[in-house]
Amino acid sequence: MKKTNSFQYDLVQNNIHWFIQLRWLTITTILTACLISWIFYPYIHKKFHFPVHEFFWLALALFILNALYLIHSKYIIPKKNFHAYWNLYIQIVIDLILVSVCTYLTGGIETPFIFTFLFHVTLVCIFLNKIQSFFFTTISVLLTETFIVLEFFQAIPQKSLILTDFKIKIYQDADYIIFYIVSIFFISYAIWYLVSTLSDRLKKREAMLAEYNDKLVAVSKERSKFILIAGHEFKAPLAAIQSYAHILLKEYHGKLPEPIAKVVTRIYERCNKLNIQVKEMIQLANITSMAAQDIVKTPCNMKEIAEKIIASLKTIASEKQVSLHFSLEPAFVYGNEEQLEIMLSNLINNAIVYSKEQGEVKVTLKKDGQDVELKVQDRGIGIAPENLEKIFEEHFCAKNAVLHNKYATGLGLAIVKNVLKNHDGNITVESELDKGSTFTLYFKELRNEKNIDH
Amino acid sequence: MKKILIIDDDLDMVDALTTVLENHNFLVSSYTDMENVAERVKAESPDLLILDVMFPENPSGGFDMARKIRQDISLKNLPVIIFSAVNEQFKLGFMKFTQENIHEDFMPVNDFLEKPLDCDVLIEKVNKLLKI
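Respectively, the protein sequence lines represent chains C and R. Note that the numbering used here numbers the first sequence so that position 397 is 397, with each residue one more than the last. Note that the numbering used here numbers the second sequence so that position 74 is 74, with each residue one more than the last.
Chain R with its partners taken away, still in its complex shape (with noise of 0.2 Å):
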């Protein structure tokens, strides 16, 4: 059973993802803060991390956490998701978040996913990910 770690402020977005997710027979933890995420993933050690982008105490938090757990080696090719609306107040801009510019120096995400959910987005993002 693939494991997926969600960190996202929102808990009614964590618990609507965790519904979906436990649907599709995965297993689901969370977190609603962005502390310590490294240690945390570590100690999870999910197939697969899904990110808020918007903290309270970090507008482009989603980002800095994927850029610290791309810097550590044994997390560097760990799947992570972005999970957020499009947003138009920050550095983004008005930028439209698209396949071409997720890339390395730009984001260091595998793949983006619009709020609110779309379950089979998801679950078909999900599943190219981990290979199903």
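Bound conformation, chain C alone (with noise of 0.2 Å):
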């Protein structure tokens, strides 16, 4: 429940700054309009009388009244979640009465412009219930045909912007200001009710997506840490098959004869291929069964990061006689160290195992304008087109990779997208086969501790 609350709270905080937004235009269009009819006075004087006075003091309160809502929901509501309510209903009646008071000065139903009400009657009936929206219909329609009672009483006196004797008629003839008060009833009602009708079932979808959109959520948060449990289950009996095997391998139980020794070591070997692919789980799991806003964040200097894990494959690059080269300025990200330690380890093994022999693997580490920028690039087999988008899909695994690498799992490249994605990170891939391939990562920078957002 709480979620729902402090996300009510911040659609209303989002109007409230929105309505402010519409107010500051609002009040630039009356000035503009006050400034027009000022320098044109003597083109137009004949035949409007736009009055520039009133308007120049409704736009100078108006001025001030925003100024104090926009105070007031910068300082006080943060604070006090339910003054949001207050600021916006007192907003919106606010608005009314000088919506009344600016069709009264230009004129009542002498022009069109008595139905601006109908603009607020619609963002009301969008932003709240049904039920204040009614309220609120009714308040705005209560203040428009008291304007045009009284003036029809004579009760204050007869503002009118066209100089001729239009207004007086319309005002003598009793029977047509009753079918201007039904009328605007009749079409404002009906607009409340077919508005707040739409957008009730509109909330109601909303609603219903953000709930199966929590569904999926959670369903996915299941998934990893079922797959998490399981991987864990799965290495124990396997460090124990592998553990066996091993033993008779090393002749522990005796010498094996030869076509046995070859089982034995298929055995092995398949083991070691399935303790890789437990520990691509186990670690995707660990990445995915999080989302990225409770990932413990801190600065991570990537320099040293990328030199660490350089040195941790060092051993597996000479095995292949792949020379690794490097150049890294220092750069930081905010971030969590672990996931991009096995992010970086798993791109640049990549590069390593995907080499061909003699190869050549270059990590660079720079920074680009706001951006980190990691590249790690090889001479080795390449992709082929057609699976560059595919790649970073959990379990897929190319041809030409499978058949230069035994124990390719399809892991590791989902595993370095589900590192960017918690760090909002970017990555592009440029390939071409049999000539090698190269990642770059991009990564917001982090200059100082203002950009850490939590």
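These aren't lab readings, by the way, just hints derived from the structure by calculation. Be aware that one or more of the hints could be misleading.
To be verified - Listed next, the stretches of chain R that the computed footprint assigns to chain C, with coverage defined by at least 3 CB atoms under 8 Å from CB atoms of chain C: (1) 7-15; (2) 18-26; (3) 115-127.
Using N, Cα and C, we set each Cβ at its ideal position, and we do this for glycine too.
Fit the two chains together into the complex; they arrive one by one in their own frames, and the hints show the way.
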């Protein structure tokens, strides 16, 4: 429930800010209208009487009010959330009163300006619930009609925008006034009914989608958790099987006849592959079982991480006779060090494993504007163009990859992708079959503590 | 003849270790649960201890046992090898066991051996710790 409340609060805050922004626009429009009618006064005063002074003061009042709404929403609402609704209600009521005054000043039913109050009716129906919007619709109908009635009975001076006797004529016709009042009444409530019903339906759908999405997230977390547990359950028996195969091969139970030795070697090899697979499944499940915002992040020294991973992969590289070159600039990103290590380890390990003999792997880390750019280049077997899109999918192995590396699991790049997702990073891949691949990663650079959001 | 005590809940692992160690002329005894570890170790008085990490009743039981042994004055110089699969789930997180992070307050053990078993590495480490 707490989640729903904060969600609602965010929504109301958003609406408040949007209203405030619209009002700045309205103020500018009124001031522009004042300016135009002031400049062109000699031309228009013969036909129109635009109340420049009144409108100028109105704009000023709106300006002050809007500033107050803004201050209230910025400094008070974050502390007292329930104030958000009051801010919105007060904005609407004051707006409705001012709109009625404006309509009155611009001649009431004489011009189509009178229907501007329908803007508010529509907005209220979208943002508030049916009962609240009914209440505000009623207020706006009453305010608008009160001015018409007061003018009709000449309780307030008649204001006109057009300098003809058109206004006097219509205000002398009681039938016409009644017709007008009834029309406003029906039009307003028809709009209220249509918009609020539609908006209710939309809100219900939105809530349904949110709920559905929550369920999907929960299912995916559950899945990761299951893989995590299953993975750990597989590890112990697998290690036992492999250990037995190993002592057989080491002839602790005597020399094995050649065909048996062959079979046991195969058992040992398959265990090796399964081990890697289980390890990567657990890593992937670990990385995907947490939402990005729940992951513990600290400032991470990418240079140090890269150096550490390169050092740990030196043996594998020299076994494969692959030379490792690196040029690393100091750069910090805000992230989870363990995940970044796993990601880099996977990428550089791939570059080594998929190199040809006597190959060369280049790792470059540098700053590029706002970004940290990390490049891992190899001159290995490359990726076919039709596979470029699939390599980040879980369990996808390209044909040439499997032929080259019997330990291919198809999980390494899925891990890379998920770590990137958790860190708002991007990756680009350039590759040519038999020529090699270049993976380029981009992260937002951490320049100072201010860059840390949480 | 040097005596080695193994505490591991996995009988097959114990069996494999025993085969290798006996073949290299060590005397081997073993337990598959972590009860009364200090008393048992004292009774057996081994020259070296091999501990598994994850036990069904305690996912980091091996470290807890090692700590208990280190706190016991008569046992604090007993060499301890941790024998475990690299564990990604518990507090050690993704940290790999390396020579650098084996020190007193982090892990009160002398060495680490990764599952599955590699006989040559096992014998090398055991010999080194027993100064054979």
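For each hint, the structure was consulted:
no.: 1; hint: 7-15; verdict: holds (count 3)
no.: 2; hint: 18-26; verdict: holds (count 3)
no.: 3; hint: 115-127; verdict: holds (count 6)
Violated hints: none; the structure is consistent with every hint.
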